[in-house]
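Quick note, the sequences are listed as chains A and B, same order.
If you're matching positions, the first sequence starts at 70 in the working numbering and goes up one per residue.
If you're matching positions, the second sequence starts at 4 in the working numbering and goes up one per residue.
One thing to keep in mind: the hints can contain errors.
[Said to hold, decoys possible] Here's a subset of chain A near chain B, in silico, CB distances under 10 angstroms, partners left out:
1) N71
2) L88
3) I89
4) M100
5) M104
6) E134
7) L168
8) L172
[Said to hold, decoys possible] What follows is a list of derived Cβ distance ranges for each label pair:
9) A/L161 <-> B/Q203: 38 to 44 angstroms
10) B/N57 <-> A/F148: 31 to 37 angstroms
11) A/K96 <-> B/N57: 49 to 55 angstroms
12) B/Y29 <-> A/I142: 53 to 59 angstroms
13) B/G152 <-> A/I146: 52 to 58 angstroms
14) A/F175 <-> B/Y29: 30 to 36 angstroms
15) B/Y221 <-> A/L161: 29 to 35 angstroms
16) A/I147 <-> B/I62: 36 to 42 angstroms
17) B/E114 <-> A/I147: 34 to 40 angstroms
18) A/K101 <-> B/M4: 48 to 54 angstroms
19) A/I109 <-> B/F142: 20 to 26 angstroms
In short, the hints are calculated from the structure, not lab data.
We put the beta carbon where it would ideally sit given N, CA and C, even for glycine.
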Amino acid sequence: MNLHLRIFLILLIILGMYLIIKTISKKNLSMKYGMYWSIIFLFFLILIIFPNIIEYIAKLCGFKEAPNMLFLIAIFIIFYIIFRLYITISKLQEINKCLVQELSIFKKEQKK
Amino acid sequence: MKVLVIIPTYNESENIVNVINGLRKYQDNKEYILDYVIINDGSSDNTKEICEKNKYNVINLIHNLGIGGAVQTGYQYALKNNYDIALQFDGDNQHDAKYIKDLVMPIINKEASMTVGSRYVSNLSNFKSSKMRQIGIKFLSFVLKITTGKKIYDITSGFRAVNKDIISLFAEDYPSDYPEPETVVEVIKKGYVVKEIPVQMHEREHGKSSITPLKSIYYMVKVTYAMVVRSIIERKG
């Protein structure tokens with residue numbers, strides 16, 4: 070990998086980390102999900118600093134080209150994140166429903 | 004001075020009566036008024052029925068929020084009802100009401116804004132939890148030293164008391180899972196004095212602890228991350 074490209078990618082990751090911490094401090098992202106994203110960024114950082122790891126693992130797994138493996142891994146990670154997102158949304162919907170029902174019943178009882 | 008004991012419970016029907024009876028032994032006091040509130044975190048056992056039958060002061064959450072959300076509800080209750088001091092007390096009989104006064108008095112005397120009941124600053128407690136957990140606590144205590152420069156030995160202790168300023172701080176913002184070490188970092192970074200008080204803790208009488216071995220690695224990573232990020236955020240703010 071070209072040195073300029075690597076420096077650019079590392080700067081991109083530092084920017085990403087900064088964004089995560091800033092979003093957490095604004096309370097727009099929970100510590101838990103911030104940690105997940107940080108771990109993914111850290112993983113990328115290791116790959117950028119030691120790109121040989123990818124080549125080595127790709128060869129070991131029988132990929133013809135290293136980028137093929139990267140794309141596959143990336144798609145799996147994205148798929149998993151989206152899946153988790155759907156689970157979280159479903160839970161939120163359920164809790165929301167509970168809240169509305171409970172509050173409505175409570176309000177009616179208060180009126181009596 | 005009005006002191007509120009916040010007792011979060013989740014499926015602790017076997018313990019809750021003992022906890023309240025233990026608390027009532029130490030309720031008579033000249034220095035302060037001691038009230039309590041049980042936060043029933045959507046228990047699926049008969050905790051709710053037991054509390055209502057015994058006419059305990061209880062808030063039944065309509066949905067399980069986890070320990071952080073439950074405790075925060077207690078702080079919101081303390082803020083609304085104008086309490087001067089709030090004290091966290093586990094609903095599983097691990098904590099001893101005998102030491103409530105030790106935790107409350109330094110705050111009344113303005114020696115500290117927050118007190119943490121600790122197993123490790125004296126030989127009072129014969130129960131110090133497993134070897135692995137002690138190593139974990141040592142490590143988190145080390146993380147606190149790095150991020151804040153202060154030393155708290157029993158940093159995961161859920162037996163703690165805070166003054167009015169910190170009540171409103173916690174009522175507004177409180178981590179939802181594994182809140183103890185992260186909030187210690189936040190409080191120290193905001194410039195409050197935290198004091199560790201020697202206490203005795205007991206092994207649980209009934210039921211199981213909430214942290215399984217499988218979760219403990221995740222716990223360590225999450226708590227360490229939260230402590231580091233929290234210290235960065237507080238420095239900027």
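Verification of the hints:
At about 32 angstroms, the closest approach between the beta carbon of A/N71 and any beta carbon in chain B exceeds 10 angstroms, and the interface hint on this residue is violated. Because the beta carbon of A/L88 sits about 13 angstroms from the nearest beta carbon in chain B, more than 10 angstroms, this interface hint is broken. With a cut of 10 angstroms, the hint placing A/I89 at the interface with chain B holds, because the nearest CB-to-CB distance is about 8 angstroms. The criterion of a C-beta within 10 angstroms of any C-beta in chain B is met by A/M100, whose closest approach is roughly 5 angstroms, and the hint holds.
At a threshold of 10 angstroms, the smallest CB-CB gap from A/M104 to chain B is about 5 angstroms, leaving the interface hint in force. With a cut of 10 angstroms, the hint placing A/E134 at the interface with chain B is violated, because the nearest CB-to-CB distance is about 33 angstroms. The interface hint given for A/L168 is met, as the beta carbon of that residue sits about 7 angstroms from the closest beta carbon of chain B, less than 10 angstroms. The restraint placing A/L172 at the interface with chain B holds, with a minimum CB-CB distance near 9 angstroms, inside the 10 angstroms limit.
The given range of 38 to 44 angstroms is respected by A/L161 and B/Q203, whose C-beta atoms sit roughly 41 angstroms from each other. Between B/N57 and A/F148 the beta carbons are some 50 angstroms apart, a value that contradicts the proposed interval 31 to 37 angstroms. Look at A/K96 against B/N57: about 38 angstroms separates their beta carbons, and that is not inside 49 to 55 angstroms. Distance hint for B/Y29 and A/I142: a CB-CB separation of about 58 angstroms, consistent with the stated range 53 to 59 angstroms.
Checking the proposed 52 to 58 angstroms range against B/G152 and A/I146 shows it is violated: the Cβ atoms sit about 37 angstroms from each other. At about 34 angstroms, the CB distance of A/F175 to B/Y29 agrees with the hint of 30 to 36 angstroms. Evaluation of the 29 to 35 angstroms hint for B/Y221 and A/L161 yields a failure: the beta carbon distance comes to about 22 angstroms. Remark: the range hint 36 to 42 angstroms for A/I147 to B/I62 is upheld by a beta-carbon distance near 41 angstroms.
At roughly 53 angstroms, the beta-carbon separation of B/E114 and A/I147 lies outside the given 34 to 40 angstroms, and the hint is violated. For A/K101 and B/M4, the Cβ-Cβ distance of about 36 angstroms falls outside the hinted range of 48 to 54 angstroms, so the restraint is violated. Remark: the range hint 20 to 26 angstroms for A/I109 to B/F142 is upheld by a beta-carbon distance near 24 angstroms.
The earlier numbered hints that this structure contradicts are 1, 2, 6, 10, 11, 13, 15, 17 and 18.
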